[in-house]
Amino acid sequence: MRAFLSTSIGVACAAALVLPLSLPSGAVAAPQDARAGTSVPGSTESLPLVPFGSERSSGVATEQGLAQRDVQPFSLVGVVWDDADAELHGSVQVRSRSAETGAWSGWQDLETHNAEHGADLGTSERDSGTVRGSTAPLWVGASDGVQARVRADEDPAGGPARASLPRGLSLELVDPGEAPEQLPVTETDAPRGQSVASDPDPTDTDDDTVTDDGIAMDPDDIATDTDTDTDTDTDTDTDDGTVTDTGIAARPYSAPRPKIISRKGWGANEKLREKQFGYTKTVKAAFVHHSATGNNYTCKQAPSVIRGIYRYHVTSSGWRDIGYNFAIDKCGNIYEGRAGGVTKPVMGAHTLGFNTNTTGIAVLGSYSSVNPPAAVTTAVAKLSAWKLGLHGINPRGKVTLTSGGSNKYKKGRKVAMNAVSGHRDGFVTDCPGNKLYSRLGSVRVSAAKYQGRS
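Read in order, the letters of the sequence shown are residues -29 to -1, 1 to 425 in mature numbering (1 follows the signal peptide of the UniProt record, and there is no 0).
In case anyone wonders, no lab produced these hints; they're calculated from the structure.
From a predicted model like this one, the values you see are computed outputs, not experimental measurements.
All residues carry an ideal CB built from backbone N, CA and C; glycine is no exception.
Accuracy of the hints is not assured; some may be wrong.
[Claimed, not checked] For each label pair, taking beta carbons as the anchor points, the in silico distance ranges come out as:
{"no.": "1", "residue 1": "Thr101", "residue 2": "Arg384", "range": "46 to 56 Å"}
{"no.": "2", "residue 1": "Asp98", "residue 2": "Glu125", "range": "26 to 36 Å"}
{"no.": "3", "residue 1": "Ser62", "residue 2": "Asp115", "range": "20 to 30 Å"}
{"no.": "4", "residue 1": "Pro223", "residue 2": "Asp80", "range": "40 to 50 Å"}
{"no.": "5", "residue 1": "Tyr250", "residue 2": "Asp126", "range": "40 to 50 Å"}
{"no.": "6", "residue 1": "Val341", "residue 2": "Glu71", "range": "23 to 33 Å"}
{"no.": "7", "residue 1": "Thr253", "residue 2": "Asn405", "range": "44 to 54 Å"}
[Unchecked claim] Below, in silico cross-link-like pairs of lysine-lysine (DSBU-like), each with a Cα-Cα straight-line distance of 30 Å or less:
{"no.": "8", "residue 1": "Lys382", "residue 2": "Lys252"}
{"no.": "9", "residue 1": "Lys381", "residue 2": "Lys369"}
{"no.": "10", "residue 1": "Lys230", "residue 2": "Lys242"}
{"no.": "11", "residue 1": "Lys379", "residue 2": "Lys369"}
{"no.": "12", "residue 1": "Lys382", "residue 2": "Lys420"}
{"no.": "13", "residue 1": "Lys420", "residue 2": "Lys406"}
{"no.": "14", "residue 1": "Lys420", "residue 2": "Lys381"}
{"no.": "15", "residue 1": "Lys379", "residue 2": "Lys242"}
{"no.": "16", "residue 1": "Lys381", "residue 2": "Lys406"}
{"no.": "17", "residue 1": "Lys381", "residue 2": "Lys252"}
{"no.": "18", "residue 1": "Lys230", "residue 2": "Lys246"}
{"no.": "19", "residue 1": "Lys420", "residue 2": "Lys369"}
{"no.": "20", "residue 1": "Lys242", "residue 2": "Lys385"}
{"no.": "21", "residue 1": "Lys369", "residue 2": "Lys230"}
{"no.": "22", "residue 1": "Lys420", "residue 2": "Lys385"}
{"no.": "23", "residue 1": "Lys252", "residue 2": "Lys242"}
{"no.": "24", "residue 1": "Lys252", "residue 2": "Lys230"}
Based on the sequences and whatever the hints tell you, model everything.
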C-alpha cells in the first residue's frame, strides 16, 4: 500500500474458533464472545528505538533500531513517534522469532505512513493531543523475539541521508489477548420489511461453509447498535450477544443486512476506546481499504488480528477507537469496526479528508500483488449494498463529497466520487492495492444487484 507524495514514496493506506461437541437446536457456532469465560485484555510493550553507531553522539538521527532481543509474547508490531504531523521518510523493517518454532523470520517491511487512515484535520479526534505518528501495523503471529531497523531515505543525488527521523521512535509490540470462550449464537431471521435478494453470484451461497481451518465461517448477525436510533430500526440486544431486528422500514432498492460479527463477537475490550461516539450526518459512499497488515493469518485468527489493530490504533497511535467502520477477513466474514452502531453513520478515521458522510471498509491483508478471494469481493458488495441502501444510495452511482483536506484535494473542494470507491480515490496512495482496486467495478455491479437494481 504505497502512496506518492511530492517528497517521498510510501504512504500506507493498515479467537480460535472451535466447534463445540454439540450445539443447542437452532444454533450455529459463532466467533467467540468476550463476555463468556476469560477476558481478553491484551497488552502492549513499547520499546524505544536507539541510534546506531556514530549517530549515538552526533545528534543526527538517520538510522535507529533495536538489536535482536527476547520480548514478551506479541503478534502484531508497528512503529510510532511523537509528532503526528511529522512524516517518516525512510524504511522500517522488523524481524520476529516464532514462539512456536523458535525460527526467525526474514526482514519484513512496514508501511511507513499511516496518517491518511486517520481522523480529518480540525476534528476533535485529530486535535485531541493524543494522536501520534505511526506506521501501519504488521501481523507476524505469535512471537517472542524481535529486531528492528529504521533508515532515513538517502538523497536522490547520492548525498547524505535527506532528513532526520522523527523524534520519539518506539517499537510497539501488541499482544491481542487470548481468545475468549466460544458462545453458541441462535440464528436470527432477516429484518422485517426486507426480502433476501437473489445472489448475483451463483457461486456464492448463504450456507455455512467449512474452511481448511475446520470451522464454520458463516456466523450469525450479532452486531449491536449501542445508542438510540431515530430511524425505524428496533434492534433488540439479547443476553447471548445477538441482535434481533424487529423491524426496519422498507426502503427503495434496499439490500438484506449481511451477517456482521459484533465487537463483542471479536472480543473488543471496550475500556480501551473513548466512551463517547462520533457521528456524521449520513453515508453517501463506502471507501474500501486493505489493512496492509500482511496475509499471514488464518480466518480463525482474524478476531485476534482485529483486536491487535484496535489496540494499536488506540493505545499506540492515540486514536479514539479502531479507525475502520467495518473489517472483512479473507474468508468473507464481516466484522463491526468503530463503535456506535452498525446502522448508524459513525464517523470513522479511515480516509483522511473524506471521513465525513462515508463509511470505511478494511479488508484484512495486503492486496497490492495478491488477488483478493472471491469471498472477499462478495462480502464487500453485500456490505456496501446494505449500508448504502440504508441511505438510498445506488452503489453504481456517483456522489458529491466535500474534502476536509488531503494530499489530493484541497479542503472545501467538492468532488464527484463513485459511491463505492477505493482509498486512492480520495488520497494519493496505493491503497487498497492494485489487485483489490481492480475488482471494485464488479463489486459495484454486484452491490447494485443486491439492492434489486438492474
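Structure-based check of each hint:
no.	hint	in the structure
1	Thr101 <-> Arg384: 46 to 56 Å	29 Å, violated
2	Asp98 <-> Glu125: 26 to 36 Å	34 Å, holds
3	Ser62 <-> Asp115: 20 to 30 Å	25 Å, holds
4	Pro223 <-> Asp80: 40 to 50 Å	47 Å, holds
5	Tyr250 <-> Asp126: 40 to 50 Å	46 Å, holds
6	Val341 <-> Glu71: 23 to 33 Å	24 Å, holds
7	Thr253 <-> Asn405: 44 to 54 Å	30 Å, violated
8	Lys382 <-> Lys252	18 Å, holds
9	Lys381 <-> Lys369	20 Å, holds
10	Lys230 <-> Lys242	25 Å, holds
11	Lys379 <-> Lys369	18 Å, holds
12	Lys382 <-> Lys420	34 Å, violated
13	Lys420 <-> Lys406	23 Å, holds
14	Lys420 <-> Lys381	34 Å, violated
15	Lys379 <-> Lys242	36 Å, violated
16	Lys381 <-> Lys406	28 Å, holds
17	Lys381 <-> Lys252	21 Å, holds
18	Lys230 <-> Lys246	26 Å, holds
19	Lys420 <-> Lys369	16 Å, holds
20	Lys242 <-> Lys385	38 Å, violated
21	Lys369 <-> Lys230	27 Å, holds
22	Lys420 <-> Lys385	28 Å, holds
23	Lys252 <-> Lys242	26 Å, holds
24	Lys252 <-> Lys230	24 Å, holds
When held up to the earlier numbered hints, the structure conflicts with 1, 7, 12, 14, 15 and 20 and fits the remainder.
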